[in-house]
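Here is how the chains run, residue by residue.
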Amino acid sequence: MATITILNEDIRNTFYYVATIEITLRKEFAHVEGNKKHLDKLVPDYLAGKYSNKLGHALAFTDSISKTAYNAGIVLLVGTFERIVLAKYKTSSGNAKSILRDHKGDKFDYYASRERFLTNIEKLSEIIELITGVVDATLLKKLSEIKERRNEIAHGNVNSMVASVDYTLEEIAKVLDDVIRAIEDR
Amino acid sequence: MTKDDIGKIINPQYPGVYAPTTAATKLIFKNGLEKVGYFQFTDKSPELEKENKFTFVELGESAQQYKATRDIKYVIVIDGNELSNVEYPSYTSELLGKLDNLKKQHEQREPTDWTLYKERWIESVNSLNSQIVYKWLISYETVIAFAFVPVVRDDAHIGPYAAMSLEMTLPDERTIVLEPISAFTTEYDGRLDLYMRGNIYKKVSVLRKILDADQIGWILARSNSFNDQQPFNKTSLEEIIFQWLQ
Chain G
4 MATITILNED IRNTFYYVAT IEITLRKEFA HVEGNKKHLD KLVPDYLAGK
54 YSNKLGHALA FTDSISKTAY NAGIVLLVGT FERIVLAKYK TSSGNAKSIL
104 RDHKGDKFDY YASRERFLTN IEKLSEIIEL ITGVVDATLL KKLSEIKERR
154 NEIAHGNVNS MVASVDYTLE EIAKVLDDVI RAIEDR
Chain Z
258 MTKDDIGKII NPQYPGVYAP TTAATKLIFK NGLEKVGYFQ FTDKSPELEK
308 ENKFTFVELG ESAQQYKATR DIKYVIVIDG NELSNVEYPS YTSELLGKLD
358 NLKKQHEQRE PTDWTLYKER WIESVNSLNS QIVYKWLISY ETVIAFAFVP
408 VVRDDAHIGP YAAMSLEMTL PDERTIVLEP ISAFTTEYDG RLDLYMRGNI
458 YKKVSVLRKI LDADQIGWIL ARSNSFNDQQ PFNKTSLEEI IFQWLQ
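Chains as they are written, first to last, in this note's numbering: chain G, 4 to 189; chain Z, 258 to 503.
Keep in mind that the hints were calculated from the coordinates and are not lab data.
With a straight-line cut-off of 16 Å between C-alpha atoms, the simulated EDC-like cross-links for lysine to aspartate or glutamate are:
hint : chain 1 : residue 1 : chain 2 : residue 2
1    : G       : K44       : G       : E31
2    : G       : K144      : Z       : E444
3    : Z       : K459      : G       : E36
4    : Z       : K459      : G       : D66
Just chain G, with the same shape it has in the complex (with noise of 0.2 Å):
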C-alpha cells in the first residue's frame, strides 16, 4: 500500500478530505461509464434526467464535476496553508513587538519597518516574496505555480502562468507540506 508523509496536521486532514471526496468520484463515475443511468442516483433530483440521457452529455457533466472536485481541493489545501503561515508570521510578528518594547535603542527603525511588514502580510503571494532565499528554488518554484492555479481558479486566468504538467492533489499537499517544514526549520 503506498503511503503518503504529510507531517502539519491541518495540511494532512484537509489532503485526507479532499482524497476521499475525490476516490469517491473516481469510483462512482466508473459506473457511469458502463451506464449512464447512474448518474441520476448521484445528482440532486432536479437533475435527474438532465444530463443521463445520452453517455457523452453524461461523461462530459461528471469530468466537470471531477475538474469543480479537483480545484476545490486546491483552494482548501492552499486556503489551510495561508491560514498556517500567516498565524505563524503573525506570532514572528508578536515576538517582534516584544522585542521592540525590550531593546529600544539604535535599531528602532529597522524593527518598526519590519514590524509594518509582517503585520501587513494578507496574501499569498507576500508569503512567497517573503521566503524566496529562504526555501530551496524548485520548492519555490512548484509553490509559485500553486498559487497561479489557485488565482486562476478564483480570479480567472487573466494574467496567471499555467502550470506544464497539473500538479496531483498529493503533489499539492505535498509541496505545502515542505514549505511548512521548511519555514519552521529556519
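With chain G held as given, fit chain Z onto it using these hints.
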C-alpha cells in the same frame, strides 16, 4: 567518479547512473565547473560507459529541445574521471536565477509580437489536430470518429480566441479529447490536455515547444518527472490510447 559512485548518490535503491529521477542532478567538476540536468540513457551510453563516460542533458533550453525531438545533439558526454562530486537532488537557486536572466535577456532582445504569437498558437493546434486525424491515425478512420469542436480561451497577453478541440470517439462511444488549455505554461509555449472523457484521471499534457521560426516540437508529459516526458508523435499517441483501453 565511477558509475557506482554516481549511482549511489542519485538513488541508493536503484544504483545506476541512469536511475529514474524526479529532480535535477548537479555535477561538480574538478575544475570548479558545474552543470545541472539529468543523465539520459541513449544508444551511445553502453559503449561510453566502458570508458567511464555518461550521457547527460543540461536543464533549460537543451532539456526542452531534447524532450521535444530526442535529437542526440542536445545530449552531452560527461567524463566520470573529471567529476569531483555529484549532488542529487540539486536545489539550486543560482540555476533559477540564471534561467530568469536568460529569459529576461531573450525578452529584451526580441519583444514578442502577441498577435503573431496567438496566430501561431492557433495554427499549431490546428496543424497538430490535422496531423493526428489525417496522418497518425488515418488507418483507424473506420473505427474512430473524429470531430473538431471549437472552444474559447482567454489567455494573458493574447486575450480571448477560438481554437479547435479534437474529439476522437471510439466504437464503444468512449471519447478521447485533445483540448487546448493555454497558449503559455510556466516552462513551455502552450499546453493541450489529452484525456478520456468521463475519466479525466486518464489525462496527460501535450506541450508545445517552439524550436525555431519554422519548427514546432510536441512533448507528451505524464507528470512533472523528467522520465515521464517524451516526444508526442504517432507512436506515443497510439501507446497512450492502448494503455487507456486496458
